[in-house]
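We have chain U already, so just place chain A on it with the hints.
Chains U and A supply the protein sequences, listed in that same order.
Counting with my numbering, you get residues 19 to 309 for the letters of the first sequence.
Counting with my numbering, you get residues 3 to 308 for the letters of the second sequence.
If you're looking for bench data, these hints aren't it; they were derived computationally from the structure.
Please note that a few of the clues may not be correct.
Here are the simulated distance ranges between beta carbons [stated by the list, open to error]:
no., chain 1, residue 1, chain 2, residue 2, range
1, U, Pro-49, A, Ser-166, 17 to 23 Å
2, U, Leu-225, A, Thr-208, 36 to 42 Å
3, U, Leu-50, A, Arg-125, 45 to 51 Å
Short, incomplete list of chain A residues facing chain U, as computed with Cβ under 10 Å [as the list claims (entries may be wrong)]:
no., residue
4, Leu-18
5, Ser-31
6, Asp-43
7, Thr-45
8, Leu-136
9, Val-138
10, Pro-144
11, Leu-154
12, Val-244
13, Val-275
14, Gly-285
15, Phe-286
Looking from chain A toward chain U, a few residues come up when the C-beta cut is under 8 Å (computed) [as the list claims (entries may be wrong)]:
no., residue
16, Leu-15
17, Val-17
18, Trp-147
19, Val-200
20, Ser-203
21, Thr-252
Model, not experiment: these values are computed from the prediction.
Yeah, the Cβ is synthetic: ideal placement off N, Cα and C, and Gly gets one too.
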Amino acid sequence: MSFWARLIRCPPARRGLVMLLVMVVVAVAAPLLAPMDPWKVQPAARLLPPLSRSAVDGADASGPGATTLHLLGTDSVGRDVLSRLIYGSRVSLTVGFAAMVLSALFGSLIGVVSGYFGGIVESLTGWLVDVQLSFPFLLLAIFLLGALGGGTLAVILILALATWVNYARIVRAQVLSIKNQGYVEAAHATGASVGRVLFVHILPNTLAPICVVASFSMAQAILTEAGLSFLGVGLDPSTPSWGTMLNDGRDYLLTAWWISTMPGIAIGFTVLGVMLFGEGLRELLDPRGMR
Amino acid sequence: MLSFTLGKLIRALTVLLGVSFLTFIIGHSSGDPVRLIARGDATEEQRAQLRHSLGLDRPVLEQYRLYVGNALHGNLGVSYRQHVDVSRLIALRLPNSLELAGAAFVLAMGVGFVLGILCVIYRDSVLDNVIAGLSVLAQVVPGFWLGLVLVLLFAVHWRVFPVSGSGGLTHLILPAVTLALPTLGRMTRLVRGGMLEVLQSDYIRTARAKGLSERQVLLGHAAKNALLPLVTQAGLELGDLVGSAFIIETVFAWPGLGRMAVNAVQQRDFLVVQGCVLVIAAGFVLINLAVDLLYAVIDPRVRAQT
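Isolated chain U, as found in the complex (with noise of 0.2 Å):
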């Protein structure tokens, strides 16, 4: 059987992979699946509970007396709730994924040579990996992002930064494992290179611990982003973020709970997706696996 026919056999995995399916959709087809524009602003529609409705205004209005429904009620500028859930899922999803992809590409590397050559190499890299480890890394997020200024970009380097230990100590212990065998041996003698062996050889063979601990760190990468633009300073507050809602509806927490907790549950419900195709995938590539 396939790896992937096993994977979708697998419970957890199967109701990680369609949970992460569904955001993927509603992130790709945000513009045909949000009833409003997330960024519009309606004076008059502020504070709107969930299920109410709003007058039309503008040109585009289909008739006088023509009203919208807010699915989700409106946050306190009068802005659709849902719509900027469905357009916040594309933020959260980007960048929590450009930052797996990133800190996954670094740690292995840094793993990969430091388990591979040892020595002086071994302890460097892994000095490095205690001197991170030390860091308190939301201060050190918040600390750069203040120093050095926000923005997306910033809050993906910085959230890949958070995250690289964990390639780096996994690749490295498996590294050790494999290079004594004996295929890699055996490349060795028909001469291939240092380069060659360490990726066509050793690093495919690392692959499976590295996606398992990719979609727990693009889970942590979700939720560290949302908590940064909680504190104010990830994203550009006019982006609609889940982590910007959230704390857009915090002073309002009395009088307009849904500002906060909608975001609040879509965030539980993508990285819960995540955790569960890890938790999924790990079942599968470890035998001993039910831990």
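Below, chain A without anything else, positioned relative to chain U:
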């Protein structure tokens, strides 16, 4: 054991040096503090004088050397905004942070252990599944959002606990629970997984065969070996708790280091941020050192390796 301890100690010191250097460089590249301190109508000459008196006209490496030298004597500089010693500001806030992180840590470890053991005793029952589900949920919900919801329910709606601030035990409960939940979820799963793995080993079968009660087998024999790897995890989690406390402190207006640091970043008061990072990082390094040494004490195999 002596060379082991010494090696770990040297490692911890070099890590601390690296952390302090990076922190210093970030703070240094964040802009000219003279622009913050000097009044708008200050002449170029006055600015230069100020720069000189702050030592900012010296080479970067020498500034760093001075900073570290002073830090070793407990002097982390003077806040540009509040004109108070950074070390005094930190000393004021640190106990609050430790209180919150400590409470969350004890809560997460204690309850996590109990729940994990319960899962093992009632394996594959409804209880096991419910606990497993909740422990996953605790890890995926963003803590700050959960904090807001808890405030809404317990402080505003039912008025059981105060909304924010610090004071007695009642102030501590909501933020501590919020902070502890993700760690609690992870610990529960780890205890459960570790115990189930150990329970399959031969010596457990022997223990059962010689007629020990299930309680003795679980708590006396299995728990000891199952919990060993968790010591490392517990150290990491403690660091994680201090690290994620920033957001929770902001939500609950808890007067800890995290909130001070976040405010200082917003005011561009970077010496304060630098000080906070350094103090917390030093704490991390100490925790890790303690974990490593503790590990060697409980598990003789670790000592033998070095």
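> For the hint on A:Trp-147, does the least C-beta distance to chain U fall short of 8 Å?
Replying inline: holds, 4 Å
>> Can you verify the interface hint for A:Gly-285: is its Cβ closer than 10 Å to any Cβ in chain U?
In response: holds, 9 Å
> Going by Cβ atoms only, is A:Leu-136 closer than 10 Å to chain U?
Replying inline: Since chain U brings no Cβ nearer than about 12 Å to A:Leu-136, farther than 10 Å, the hint is violated.
> Can the hint on A:Thr-252 be confirmed by a CB-to-CB distance to chain U that is less than 8 Å?
Replying inline: holds, 6 Å
> Does the nearest C-beta of chain U fall within a distance shorter than 10 Å of the C-beta of A:Leu-154?
Replying inline: holds, 6 Å
>> Restraint: A:Val-17 near chain U, CB-CB cut 8 Å. Satisfied or not?
In response: holds, 5 Å
> Given A:Asp-43 was flagged as interface, is its beta-carbon under 10 Å from a beta-carbon of chain U?
Replying inline: Hint violated; A:Asp-43 Cβ to chain U Cβ min 27 Å, cut 10 Å.
> Was the hint right that A:Thr-45 lines chain U, CB cutoff 10 Å?
Replying inline: violated, 28 Å
> Against chain U, is A:Leu-15 within 8 Å by beta-carbon distance?
Replying inline: violated, 11 Å
>> Just to be sure I understand the hint, the distance between the Cβ atoms of U:Leu-225 and A:Thr-208 should be within 36 to 42 Å; is that true here?
In response: Taking Cβ atoms as reference, U:Leu-225 and A:Thr-208 lie about 40 Å apart, which means the hint holds.
>> Hint validation: A:Leu-18 versus chain U, beta carbon distance must be below 10 Å. Holds or violated?
In response: Holds: closest Cβ of chain U sits about 7 Å from A:Leu-18, inside 10 Å.
>> Given the hint of 17 to 23 Å, is the C-beta distance from U:Pro-49 to A:Ser-166 inside that range or not?
In response: violated, 40 Å
Checked against the numbered hints given earlier, this structure breaks hints 1, 6, 7, 8, 16, 19, 20; the rest are met.
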